[in-house]
Amino acid sequence: MAWMAWTWPTAAFFAVIAALLITFTVLAVKFPETPRRGILGIETTRGDRLFITLLGSAFLNLAWLGFGIAPQPYALLACLVLAAAIFRFV
Amino acid sequence: MNKTVNQKAWFLVLPVLVLVAFSAIIPLMTVVNYSVQDTFGNNVFFWNGIRWFEDMLNSERMWNALGRQAVFSAIILAIEVPLGVFVALNMPKKGFWASFCLVVMSLPLLIPWNVVGTIWQIFGRVDIGLLGYTLDAIGINYNYTQGYFAAWTTVIVMDVWHWTSLVALLAYAGLQSIPDAYYQAAKIDQASRWAVFRYIELPKMMGVLMIAILLRFMDSFMIYTEPFVVTGGGPGNATTFLSIDLVKMALGQFDLGPAAAFSIMYFLVILAISWVFYTVMTNLDKRDVR
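Heads up: the sequence lines are chains A and B, in that order.
Sequential numbering of the first sequence, starting at 1, is according to the numbering used here.
Sequential numbering of the second sequence, starting at 1001, is according to the numbering used here.
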């Protein structure tokens, strides 16, 4: 694996994403749900909302960095707020 | 009748998953690893945090390439989609000429990118190319290696020449699936040609047209070979689109870190736009079903 040039932070990053995917797969199997329609006007399942959250978080982090809003770790707090909002309203 | 729920079929997807992991996911993970490190070669890396992302977000070069890319894709879609639909509407519906048109239309699609680039590179040359020579002879100052406007026009016309038939063929397939009854009903109602297009043909073409737009967007957003062969990204940086700039950075200057950060942002943009297209398409399908 040396050729992949792993670092601890990137490994943790992918581990978190993998864990999220596995959790949501298990959730989807154990507790099936019907899609619902939120403020975007599209039908979403939990998995869809996770995807929107992850993609939104990526852009939020980039915007945070690009505009230099505050030290980068705080962006993760904003991402949590974003996640809560997306899971509640979308 | 009750359907039994059985999710075991998902295991049949495993081989594909392994293949995609090998060819896409693991390389992408490596790119992420590169994006937070610096290297002086020999596969020795140094931790660099998020500095490359910061550099790239503040790099005028990247924003300019992104801007050029967005303008290029917008122009390509604005020309090819209406033109493709127009061509499809005017193609014969059946008989010998229908097949003839289909074959002629699909010819440009069969030509590889670099060959298309070479064809237009020579076609547009002032000394030996028919197009360049003719334009020069009637007094139009056309030189795609020096003129900003000429370079853009050449690249755009080339792409229109290469890919409009894809849109036309897809739109044509959409049109062919409309039953005659719709047209007969429209005739009884004395609907105008525009009304027939607006209320019968366009809605029925919508799904397939969305796929055409998605394909043309993706392809034009990642365009590399054709402008690279024709203009090499010039004059200056006039036609240096995102992927050309990316390759210059990654393989020309061997700046792996910045190039990796750049590619991740490129990837995110494409992912976001593809998701929008996907959502719109699936929602169109659902509306049709209802």
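Read the hints as simulated data drawn from the structure, not as lab findings.
A few of these clues could be false.
When the alpha-carbon atoms are kept at most 25 Å apart in a straight line, the in silico SDA-like pairs for lysine to any residue are as follows [what the hints assert, rightly or not]:
#  : chain 1 : residue 1 : chain 2 : residue 2
1  : B       : Lys1204   : A       : Ile42
2  : A       : Lys30     : B       : Lys1204
3  : B       : Lys1286   : A       : Ala18
4  : B       : Lys1094   : B       : Leu1175
5  : B       : Lys1286   : A       : Leu20
6  : B       : Lys1008   : A       : Phe67
7  : B       : Lys1248   : B       : Pro1112
8  : A       : Lys30     : B       : Met1218
9  : A       : Lys30     : B       : Lys1008
10 : B       : Lys1008   : A       : Phe87
11 : B       : Lys1248   : A       : Pro35
12 : B       : Lys1286   : A       : Ala28
13 : B       : Lys1008   : A       : Ala18
14 : B       : Lys1286   : A       : Thr44
15 : B       : Lys1003   : A       : Leu27
16 : B       : Lys1248   : A       : Met4
17 : B       : Lys1286   : A       : Arg46
18 : A       : Lys30     : B       : Lys1248
19 : B       : Lys1003   : A       : Pro35
20 : B       : Lys1003   : A       : Thr44
21 : B       : Lys1003   : A       : Val26
22 : B       : Lys1248   : B       : Gln1037
23 : B       : Lys1286   : A       : Met4
24 : B       : Lys1003   : A       : Leu20
25 : B       : Lys1248   : B       : Lys1204
26 : B       : Lys1003   : A       : Phe87
27 : B       : Lys1008   : A       : Thr34
28 : B       : Lys1003   : A       : Phe31
29 : A       : Lys30     : B       : Leu1017
30 : B       : Lys1204   : A       : Glu43
31 : A       : Lys30     : B       : Leu1012
32 : A       : Lys30     : B       : Val1013
33 : A       : Lys30     : B       : Leu1175
34 : B       : Lys1093   : B       : Gln1037
35 : B       : Lys1008   : A       : Thr25
36 : B       : Lys1003   : A       : Pro32
37 : B       : Lys1008   : A       : Ala19
38 : B       : Lys1003   : A       : Met4
39 : A       : Lys30     : B       : Gln1037
Verification of the supplied hints:
no. : hint                   : result
1   : B:Lys1204 to A:Ile42   : 21 Å, holds
2   : A:Lys30 to B:Lys1204   : 39 Å, violated
3   : B:Lys1286 to A:Ala18   : 31 Å, violated
4   : B:Lys1094 to B:Leu1175 : 12 Å, holds
5   : B:Lys1286 to A:Leu20   : 28 Å, violated
6   : B:Lys1008 to A:Phe67   : 47 Å, violated
7   : B:Lys1248 to B:Pro1112 : 22 Å, holds
8   : A:Lys30 to B:Met1218   : 37 Å, violated
9   : A:Lys30 to B:Lys1008   : 14 Å, holds
10  : B:Lys1008 to A:Phe87   : 28 Å, violated
11  : B:Lys1248 to A:Pro35   : 45 Å, violated
12  : B:Lys1286 to A:Ala28   : 22 Å, holds
13  : B:Lys1008 to A:Ala18   : 21 Å, holds
14  : B:Lys1286 to A:Thr44   : 13 Å, holds
15  : B:Lys1003 to A:Leu27   : 21 Å, holds
16  : B:Lys1248 to A:Met4    : 22 Å, holds
17  : B:Lys1286 to A:Arg46   : 19 Å, holds
18  : A:Lys30 to B:Lys1248   : 49 Å, violated
19  : B:Lys1003 to A:Pro35   : 19 Å, holds
20  : B:Lys1003 to A:Thr44   : 23 Å, holds
21  : B:Lys1003 to A:Val26   : 21 Å, holds
22  : B:Lys1248 to B:Gln1037 : 19 Å, holds
23  : B:Lys1286 to A:Met4    : 42 Å, violated
24  : B:Lys1003 to A:Leu20   : 30 Å, violated
25  : B:Lys1248 to B:Lys1204 : 43 Å, violated
26  : B:Lys1003 to A:Phe87   : 30 Å, violated
27  : B:Lys1008 to A:Thr34   : 20 Å, holds
28  : B:Lys1003 to A:Phe31   : 18 Å, holds
29  : A:Lys30 to B:Leu1017   : 23 Å, holds
30  : B:Lys1204 to A:Glu43   : 22 Å, holds
31  : A:Lys30 to B:Leu1012   : 21 Å, holds
32  : A:Lys30 to B:Val1013   : 20 Å, holds
33  : A:Lys30 to B:Leu1175   : 44 Å, violated
34  : B:Lys1093 to B:Gln1037 : 58 Å, violated
35  : B:Lys1008 to A:Thr25   : 13 Å, holds
36  : B:Lys1003 to A:Pro32   : 15 Å, holds
37  : B:Lys1008 to A:Ala19   : 21 Å, holds
38  : B:Lys1003 to A:Met4    : 46 Å, violated
39  : A:Lys30 to B:Gln1037   : 40 Å, violated
Hints 2, 3, 5, 6, 8, 10, 11, 18, 23, 24, 25, 26, 33, 34, 38, 39 from the earlier list are contradicted by this structure; the remaining hints agree with it.
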